[in-house]
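Enquirer: Make the full structure from the sequences, and use the hints.
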Amino acid sequence: MNKSVTGLALALAAVLMLLLSPVQSKASDNDFIFGLLMVGPANDHGWSQAHFEAGKDIEKHIPGSKMIYIDKVNPADRPGVTIPFLVDDLVSKGAKLIIGNSDDMTDGIREAAMMHPDVKFIHISGDDALNPKSPENLSNLMGRMEYGQMMAGFAAAMTTKTGKIGYLGPLINDETKRLAASCFLGARYAWTKVLKKDPAALSFKVSWIGFWFNIPGVTSDPTQVAKNFFASGADVVISGIDTTEALIVADQKKKEGADVAAIPYDFQGGCETAPDACLGVPYFNWYPGYAHFVNNAKNNSWKKEWLWLGPQWSDMNNNMTSSIGFQNGKALGGDVQKQLAAFTKGLGDGSISLFTGPLNFQDKSVFLKKGETATDEQIWNLPQLLEGMEGASK
Amino acid sequence: MDVTFQHISKSFGPVKALTDVSLTAKAGTIHGLIGENGAGKSTLMKILTGYQSKTGGTILMDGNEVILDNPKQAARHGIGMLYQEPMDFTPLTVLENFSIGIPGHNRRDLRFALQNLSVRFGFHLDPDRCVEQLTVGERQQIELLRLIHCQTRILILDEPTTGISPAQKEVLFPALKQLAADGMIILLVSHKLEEVATLCDEVTVLRHGQVTHHTTAPFHFPELLTAMFGSVPERQDKAAVREKGSPVLVMQKVEAAGERQGLHHCTISVAEGEVIGLAGLDGAGQSTFLRLAAGLTIPEQGTIQLFGEKLPKKPAASSCAQALRTSFIPADRLEEALFTDVSLSDHFSLKKKQSSFWRSQQKAKKLADTGISTLSIKGQSENTAGDLSGGNQQRLLLALLDPQSRLVLLENPTRGLDIRSGHWVWQYLRNKLPKETSIVFSSPELDEIIHYSDRILVFHDGDIVMDSAVTDTSHDAIAAAMAGMKEYV
Amino acid sequence: MSKTSSKQMKKLSIDILLGGVLVFGFTALVLLIAGAPVFATLKNIWLGAFASTTKISQVLSVWVPLTLCACGLLFTFRANLWNIGIEGQVIMGAIGAMAALRIPGIENPVLITALAFFASIIGGSLWGLFAGLLKTKGGVHEIFGGLGLNFVAQGFILWLIFGPWKRPGIASMSGTELLPRELWLSTPPGWRVSIGGLVIGVSVLILTWLLLEKSMLGLKLTAIGQNPRAARLYDISPVAHYLQSIIIAGGCAGIAGFLQVTAVYHRLIPSISSGYGYLALLLVMLAGYRISLVPFLALFFAALNVGAIQLPIVLQLDSALSGVIQGCCVLSTLFIIGIRQKRKQS
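Protein chains in written order, with my numbering: chain U, 1 to 394; chain C, 1 to 489; chain L, 1 to 346.
Watch out, some of these pointers could steer you wrong.
In silico contact screen, one side only, chain L against chain C (beta carbon under 10 Å); selected entries [as the list claims (entries may be wrong)]:
#1 LYS220
#2 GLN226
#3 ARG232
Keep in mind that the hints were calculated from the coordinates and are not lab data.
C-beta atoms are modelled at their ideal positions from N, C-alpha and C, and glycine is treated no differently.
Expert: In structure tokens:
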């Protein structure tokens with residue numbers, strides 16, 4: 001007995017030694033490996049999938065580039081594992097550029113950037129690069145989703161019959177506040193300027209669930225929140241979260257006979273889960289931004305940048321060039337489609353500028369005086385929601 | 001039809017539970033089976049109901065050998081048992097409980113049968129009531145009817161009157177007599193002599209796993225008592241009565257829960273140097289008495305004083321009692337007094353009064369080795385308590401006993417010991433403890449009590465029914481008091 | 001004695017070997033079903049955990065809090081208590097530490113870190129004490145009391161992060177504001193585990209061994225765990241020792257919470273405990289409640305946790321597979337415990 005035990009132990013040890021021997025596959029020198037850290041699952045039909053597909057496009061269009069990735073990077077899914085750990089892993093696999101796709105990763109990416117000065121970092125949605133003291137190898141990238149949200153709000157207000165729009169918000173920060181506000185401005189424009197209705201008859205309510213997607217027991221359940229919206233009389237729900245619960249609930253309601261619709265968020269294929277209830281989807285296209293940074297890093301022309309990329313107004317849905325798009329959905333009426341196109345054109349040529357005074361904050365204090373137009377910085381750091389919106393500002 | 005046990009024996013390892021037991025129960029009779037706890041009644045009945053296998057002997061029904069390897073076979077032979085605690089499903093209704101185990105009947109037939117049987121035996125049972133709301137007696141009635149309905153021919157009753165009211169007893173007894181008259185064999189297991197006398201046609205007495213007596217009605221009680229408890233010659237050489245000193249333990253109007261009946265209005269005083277034996281059937285209150293004195297059971301009412309100090313009515317009482325040098329050795333050593341997987345020397349460490357922060361293994365080993373040699377324990381200081389035999393466990397407990405104890409409480413100190421070891425234990429207690437130490441002990445062996453005590457307390461159903469100096473009473477009187485017979489002296 | 005112990009050792013090594021084989025077999029089966037290459041998967045986990053000093057230090061950063069929780073549990077398991085509330089005790093330790101770190105006006109980082117350390121012990125042990133009191137005074141079994149308190153602690157930390165301790169202008173489940181750098185436990189360059197954390201972990205391990213094996217407390221806890229009724233005859237109060245053991249366990253868990261805040265996340269997040277409390281429960285059971293096996297099994301669990309990150313990177317396997325492998329370990333654990341009990345009974 002004893003002998004066989006020792007024998008087995010030895011065999012086990014031998015196997016382990018064998019496994020230990022370094023067999024890391026060396027990437028060829030021409031390869032440019034970039035790592036992607038996604039906060040949610042790579043197939044979430046939302047935020048993370050948009051990044052994942054942009055990465056795939058980079059692999060396709062930039063020769064020699066190769067993506068490695070880790071998804072579900074959040075403390076609930078990966079207990080005890082921090083961003084610097086994961087960056088260590090990606091770097092040890094040869095990554096020369098790391099993309100962190102969540103606001104949530106701000107601190108971790110900053111820390112990792114300091115630990116690995118020779119690796120380049122892109123933090124999506126952050127603004128570290130605006131700070132002169134921040135590390136030189138850390139840049140920021142964001143799309144001007146404000147326009148997409150204005151269009152979503154416009155489409156919602158043109159469609160609603162009850163005059164009640166629900167906005168399913170993630171957590172409260174500067175980004176989400178400015179996106180909700182943009183959505184509201186688009187809706188108000190449609191309501192007052194196109195439909196010529198009383199602004200007081202438009203209800204725009206924001207409910208925050210607490211995170212970008214559902215974490216059972218931690219966030220509010222987005223499915224439940226969406227149901228509550230419909231139950232309280234809203235007939236269009238706009239989603240600001242990374243996943244498609246609002247659309248699925250709307251689709252169920254529609255199948256039950258209710259005349260309702262929803263607008264998902266941030267992934268071009270967002271409508272696919274339930275096309276019949278989908279008015280359209282404002283989405284990010286990360287390819288142009290990624291390509292910019294990957295090329296710079298590859299060609300040693302990297303510099304610290306803070307990029308806030310807008311749509312290509314002539315062709316919003318061109319994946320190669322437009323960072324922001326809006327894909328019309330099946331539920332969007334033909335007339336509304338035309339009016340939306342006109343609205344978009346107005347946004348593009350500057351004839352419609354929604355962040356222009358007079359605009360008040362939710363607490364009635366003045367945001368923009370009459371005729372005043374907000375600067376990028378004012379929009380980026382929007383301190384609270386706007387007058388006319390319901391929901392928490394902090 | 002008759003049931004005959006022929007030379008039945010049963011051993012659990014080296015312990016013999018039954019030795020050569022033979023008896024016959026005839027159809028149409030109620031056959032009493034009496035004896036002290038541990039006499040072997042339950043084992044014999046478990047063999048008959050197929051819950052335990054026998055080591056030797058045969059069981060005959062109508063002269064033919066039957067094999068009763070499992071309860072199902074026994075049931076097929078028409079053997080049914082009514083347990084002390086009703087074996088029913090409390091959330092179900094009376095009718096549902098009645099239906100359990102009866103295959104292929106429809107509800108209406110069963111309801112009819114249940115009502116029929118109820119009327120026949122004078123039971124008042126509502127078929128749709130939930131069993132939860134019924135008394136133990138009523139639940140017993142359902143069980144009884146169910147057994148009758150299942151064509152039971154041999155009915156075993158295990159202490160059937162324990163949990164039921166006198167009124168229910170009045171209903172049960174005629175029902176049993178009627179069943180016997182209908183040709184059923186009824187085996188009644190009991191230690192209540194009066195009940196046995198009123199119900200039974202024949203009685204068999206078991207003691208230490210053997211049949212000591214068999215008789216038919218009418219019964220002569222002294223005869224039965226002697227058979228149950230054994231006869232000992234009256235104590236000739238009374239141990240020198242120790243000097244009686246000041247009161248050591250005083251209980252005043254103590255009421256406490258515990259065992260079967262608890263302990264009621266107990267007022268008693270134990271003097272310095274006394275040796276008191278507590279007699280009584282198992283669970284009559286002796287153990288509760290000992291635990292009250294040790295501070296392990298908290299009285300519901302009344303006060304307990306040890307050496308003039310009142311014991312507090314909270315769990316710290318046992319700590320107080322120990323501080324007053326009161327020691328208690330329970331009967332169930334591994335369950336209540338020792339730690340199975342802890343070494344002997346660690347037991348000594350744990351028992352030490354002034355405990356240091358660190359363990360001192362050498363000191364403990366020294367203590368243990370001393371204890372092992374003075375008490376001739378067969379074992380090493382590294383052995384665990386579970387490794388020791390029962391006798392050596394008892395020796396270990398004696399070795400752990402504080403030699404400065406002023407009151408020693410012992411629950412069945414010779415339990416599981418052979419005669420020599422038992423004698424040795426008493427030698428040790430008498431010789432090693434100072435003269436002024438009081439000893440209170442319980443024992444199921446009357447001779448042990450008579451032999452070693454100065455004074456005897458007899459317990460019956462939670463009452464102290466007799467308090468007498470050993471010189472002023474007789475073996476028979478004690479036995480009768482134990483059996484609850486007030487009129488017999 | 002030596003004979004029996006060598007027999008036990010042999011039994012133990014068989015158990016471990018059997019466990020290893022079971023885990024491997026189970027894992028291989030699941031991987032095959034999932035269509036993943038078995039050896040490549042396991043190799044990558046191994047490499048992901050031990051291929052470099054950085055990796056090893058990452059593993060150690062998981063090892064430390066896991067070991068701390070396991071040490072705490074050794075005390076409660078000794079007394080035969082199921083301290084499932086360990087998870088909440090970690091959380092309350094983290095909250096205690098954070099509360100101290102937020103005290104305004106203390107400039108000295110060493111002082112405030114020391115304060116946080118003690119506050120975490122207080123937070124954890126207080127939570128343990130609650131579970132203990134629920135058991136001893138309220139008659140609530142420690143499993144239910146502990147689970148209830150875990151929920152309360154989880155709710156409390158969420159409330160703090162979403163409410164009073166949120167980042168200015170942001171209400172997010174992503175946690176409180178990052179601690180200032182000088183309050184991070186120092187980590188040598190290239191390392192991912194703080195020296196302080198390692199020192200604390202190893203000291204607690206040694207202290208636990210001393211207390212359990214060399215002190216009267218350990219012996220008394222053993223006695224109570226085996227037979228609380230008999231303990232009273234030795235003037236050992238089961239209630240007092242239940243409370244002591246669960247307070248110590250809470251203290252150890254609290255320190256784990258402290259390290260999660262100051263050395264790993266540098267802030268308070270909703271899942272600050274990382275599930276180490278529950279993992280440690282399994283670990284201690286797998287170790288057969290022996291302290292000698294705890295550090296090694298903790299290393300194994302930590303390595304699995306860290307190494308599994310390689311799977312999505314290298315093999316594009318769904319990251320959930322690492323969870324499946326952990327599940328296999330847990331199942332094998334339960335299986336071995338079952339076998340062990342059966343063997344004991346027979």
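Enquirer: All hints, please: hold or fail.
Expert: A quick look at each hint next to the structure:
The beta carbon of LYS220(L) is positioned within 10 Å of a beta carbon in chain C (closest approach about 7 Å), and the interface hint is therefore held. Hint on GLN226(L) holds. Least Cβ distance to chain C is approximately 4 Å, under the 10 Å limit. Among the interface hints, the one on ARG232(L) holds; its C-beta lies about 5 Å from the nearest C-beta in chain C, closer than the 10 Å criterion.
In summary, the structure agrees with every hint in the numbered list given earlier.
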